[in-house]
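Engineer: So you can see what is in the structure, the chains are spelled out below.
4 protein chains.
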Amino acid sequence: MTLNVGVIGVGMIGQDHIRRLTHVLSGARVAAVTDVDLDRARTVADDLPDAGLHASGAELIADPGVDAVVVTSWGPTHEEYVLAAVAADKQVFCEKPLATTEEACSRIVDAEVAAGRRLVMVGFMRRYDAQYNAVKSTIVGGGIGLPLMMHASHRNPSVPDFFTSDMIINDSTVHDIDTARWLFDDEIAAVTVLKPRVSSKARPGFNDPLLVLLEMSSGVLVDVEASVNSGFAYDIRGEIVCEDGTVELSESAGAIVKKAGHFSGRVPADWRERFSRAFDTEFQAWIGAATAGTSTGPSAWDGYAATVVCDAGLAALRSGAREPVTLRDKPDLYKSDPSRETRW
Amino acid sequence: MTLNVGVIGVGMIGQDHIRRLTHVLSGARVAAVTDVDLDRARTVADDLPDAGLHASGAELIADPGVDAVVVTSWGPTHEEYVLAAVAADKQVFCEKPLATTEEACSRIVDAEVAAGRRLVMVGFMRRYDAQYNAVKSTIVGGGIGLPLMMHASHRNPSVPDFFTSDMIINDSTVHDIDTARWLFDDEIAAVTVLKPRVSSKARPGFNDPLLVLLEMSSGVLVDVEASVNSGFAYDIRGEIVCEDGTVELSESAGAIVKKAGHFSGRVPADWRERFSRAFDTEFQAWIGAATAGTSTGPSAWDGYAATVVCDAGLAALRSGAREPVTLRDKPDLYKSDPSRETRW
Amino acid sequence: MTLNVGVIGVGMIGQDHIRRLTHVLSGARVAAVTDVDLDRARTVADDLPDAGLHASGAELIADPGVDAVVVTSWGPTHEEYVLAAVAADKQVFCEKPLATTEEACSRIVDAEVAAGRRLVMVGFMRRYDAQYNAVKSTIVGGGIGLPLMMHASHRNPSVPDFFTSDMIINDSTVHDIDTARWLFDDEIAAVTVLKPRVSSKARPGFNDPLLVLLEMSSGVLVDVEASVNSGFAYDIRGEIVCEDGTVELSESAGAIVKKAGHFSGRVPADWRERFSRAFDTEFQAWIGAATAGTSTGPSAWDGYAATVVCDAGLAALRSGAREPVTLRDKPDLYKSDPSRETRW
Amino acid sequence: MTLNVGVIGVGMIGQDHIRRLTHVLSGARVAAVTDVDLDRARTVADDLPDAGLHASGAELIADPGVDAVVVTSWGPTHEEYVLAAVAADKQVFCEKPLATTEEACSRIVDAEVAAGRRLVMVGFMRRYDAQYNAVKSTIVGGGIGLPLMMHASHRNPSVPDFFTSDMIINDSTVHDIDTARWLFDDEIAAVTVLKPRVSSKARPGFNDPLLVLLEMSSGVLVDVEASVNSGFAYDIRGEIVCEDGTVELSESAGAIVKKAGHFSGRVPADWRERFSRAFDTEFQAWIGAATAGTSTGPSAWDGYAATVVCDAGLAALRSGAREPVTLRDKPDLYKSDPSRETRW
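Residue numbers (our numbering), protein chains in the order written: chain A, 1 to 344; chain B, 1 to 344; chain C, 1 to 344; chain D, 1 to 344.
This is chain A alone, in the form it adopts within the complex (with noise of 0.2 angstroms):
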């Protein structure tokens, strides 16, 4: 049986989900899409085998030969595509955010709850990566005692014109936020961002690094640093300490160069070559779980929680202080919730 897809939104990450659902992974296809740019659509379509145009997301979801939806639109008009999925009941993956407001997302969770059962995914593609699955396992596995803090950097090597101060912590370091839910198994319970020396690199008044602590609910302190100006590579690096040892991301350089005086090995250029394979192993999950009407991974309360401690983010920039993180209490359908277990 193959899975019939839609999408909705298909720039650069929407063309990418689609290249695997065609080209790489196992039991899906895309049967239809469309854009705000209905040119654009309108291309992407003609490249693909029988795949449907719909001038509208709302149209899309209606239509009978859509099994799933992929939600690959800008921030914004997320929550009207994944609400209209939910209540065509079927099974939506939803590029982070999940919606861009507290209020947008609790209303999600409203939907799915009332609805009784998973039908959303968000894509936090981390927890699909081998490297952190084997961290993770180390932590579960319990040989090194209870984790009390961690360290981590998230590095892009430069970024566009329009990205700001605020999509450090909206962009960047919501990965590292649903990391360390997802490794600990905990909410966070209050956020603090200093300001180290600016980069010169940074363009005026952006603050770039960051160095961003999140306090889990355990008293787990993680530190990440945060930089989008880094010059050198895509790197993404993590060491959790725990009672009796460490464990950490190890570098992933498949080959080792010796020359003029030094052995080198090389760090990804960018976010496709580091998680390329978690996207596919991400998504092979979801095309699994959606053939099957149900729903893995991240969840829609990962997804509010993300969009709650990363406005707790944005004012802890502005105000320079500690600010504590407050969720609503969890319905019951996320509990015991099996995005949490380790995938690897």
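Do not rely on the hints blindly, as some may be mistaken.
These stretches of chain B come out as covered by chain D in the derived footprint (C-beta under 8 angstroms, 3 or more residues) [unchecked claim]:
(1) 147-153
(2) 196-207
Per the computed footprint, the stretches of chain C lying under chain A, defined by three or more beta-carbons under 8 angstroms from a beta-carbon of chain A, are [said to hold, decoys possible]:
(3) 147-155
(4) 237-250
Treat the hints as calculated values from the structure; they're not laboratory data. Don't be surprised by glycine CBs; every beta carbon is placed ideally from N, CA and C.
Given the structure of chain A, go ahead and fit chains B, C and D onto it with the hints provided.
Structural biologist: Using the frame of chain A, we list chains B, C and D on its own:
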């Protein structure tokens, strides 16, 4: 368009490829299976949607519903099935060895040359491994000069009781033989096999480990440590020494753990852990090529050359002397071979 | 010419320095010893060729056969001995702390300034460690731009029962405080101490680990994980994030063992294993300078600044808030300080 | 007590040992020097406090103010000076080679055996290197089983014009020969030398690199890549394959830099950078033993065996064949040799 694949031989590796075709990769489905053990074939077919069962390889190959053939049966049967597929003008993926004798391989080469186009791909999956491709890119890139030597280690943690000294050459070192030919785009001119102190874990009469020396036509000297009772892991190592530097496979652990006075990382437990991703990439390349009506990757010539070199290796294991390798003239079909291009 | 050294305090570290002066390094001998425990001093003196025994530090310093003085007594006694050595116009090497209060350190600075030349060296041995010097050379070399942040970890495997939370600041983090001042050639402007989840191995009432945040005057932000019950090893880590790249201390294992499914390397068991060579280099530098009638390396000003920052750290540990650091004006004697130059 | 050392030969290595004895190590001084170039010897002596100048090695050895002798003159003169020191009953440290012919080495062994005690130490400094000792401890510790093979690389960045192919055996590989004998506490039974493709950087007629195969009496097989035009660094590698695991020398970079898409670490530029500390440790061991009236470390027997194996290596380089090694019976003096014990 979906490629309908027939699988001959549903043992461990055959079933693994069926899983890959069915649940992992895009663009293919298993349309028919057969096996010398028909009951086993029936059980496998019953688990697949719409897969036919055939009483013999010949019948499967003749099935008009089969577009392309995968041969994963016992080595001595390969020649028959590959020749039949070529005769039927169907693309065929054959696990190594292409055939078990020089003469059989040569007959396949002749048949493919007579057909006038590439129909055969041999399963040397290391050519699709990310690490080996990073190594090859470095050599081809030219920044470290011409290659002079290669040091390799091929370590199996242990082998079953039926494993013999000859199989160290035919089943383990054969991969290093293909790797050397591919990395240096060159043929092997002579083989010597040295016998170090025998491991106490080797069965009586068994020479393990071996040091296999391969002399390339260019003069590049390759030394391969082949150990099938290494005890600790499946450890594949390689370093190429060039005029201005070296390049080596890095360790592949995803996480580094610090505990009890040491840092440590995982070495793969077996070939599945180490090369699973390369098998996926190799098979996806085959599906793409076969769908387009052509072949790619390791050719019948590569299968032929590997078998000739293995034969020289067996002679060297017995004689203790340097054994020259003589290949037939290379047909034009295999010159400027796309299989020699870097894949990654 | 041989430097005749008097040693005040012959506990563990004093005896280690005596061994160094007697059996390892060139150009010095131990001419006299004393200790608050005179019997212990006598035992030590009896093992040395021609070493005198003195009833007090004052007497030892006054001995005309003593050219230079090593102070390895209990911290609260340091001020008295260092001031006496300065008054006697003799070079003095003082283990950290220079003195236990800001006022005492200030008095030593005043005395040395009045003397008009460098007479005091403080035992911050990391400045003589090859790895830290490789890091500093990289920063000073300028190839990776201006420093923005530093991530450090200071992990002791365990501590004796008399160890307190305050000692994490005064005895462990003090080295990171000096390292940050030296690496960046800058003063510390403020300190914050965060308290992660407490390790179950810490004694009741003990905050361990800590995350100590040091803000340099330049804005460089330093985070130091200080763990004194890390359980697994003496693990000193550091990475400096600059505008165009990073530089970090490498792991220091001499051999890599592959066994039982893993590769592994040793992490040092204690500070002796990690810094033994740095102590040798440091002491040889002191002997050379003292023989030439001058001082080198970490100065009284460095000792003063470290003590003031530690005091702020203790206040921050108690207040939970950011505590600013205020230093007196820096005397001219310590400007263009040779101790700030890279030694390696 | 200070050991008064006379140094015969004040070229580069002689002057380096004089620096070591004078400024680095404890317990010795240079009491006298001589050299075939007396002007050079005079210049060196003038820079030293109270060092006598002698017109010949014989005169220096006869000087009652010389307690022990260091021979760092041209290889062919070693025999004369070592025999004279033994005749004078003085401890002698001789840089490799002990002597340039098997017969000369044998005469030294006879003389020392006649003297009835160890008087001679040969400068194989790798036995005092921390990394090699970590490797040896692992093997001796037994946790990874009996050794079966060793893979080694000995890479010089470049060599001066006077360097010949023979010197790859006599000056480079001789260290690997001693290392193999020491690590495995065993003699070498045969040598084969293979000639890979020649580097374009080698002078005409020069075979570089070489692959030297050493067969230990136990059957352990050692392959040594010897490259003297490696271009990039002084790179010394080694991995010992045992029955249950392997142990290898780690890379020795002090700092890892991330920049321009790569992480990188330094490989030593020359033997001084790599083995400077081992020379110090070796010499301090000799000073200690000589002061106590005995010898330690690599013995005359080790010097003899190395020369015999090098001669077989030269024969193998010429013949292209396996050349057996035949040693005289080992005198009792060298049995249970303390030089075979791990030093670290």
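Engineer: Under the constraints set out in the numbered hints, which ones does this structure not fulfil?
Structural biologist: none
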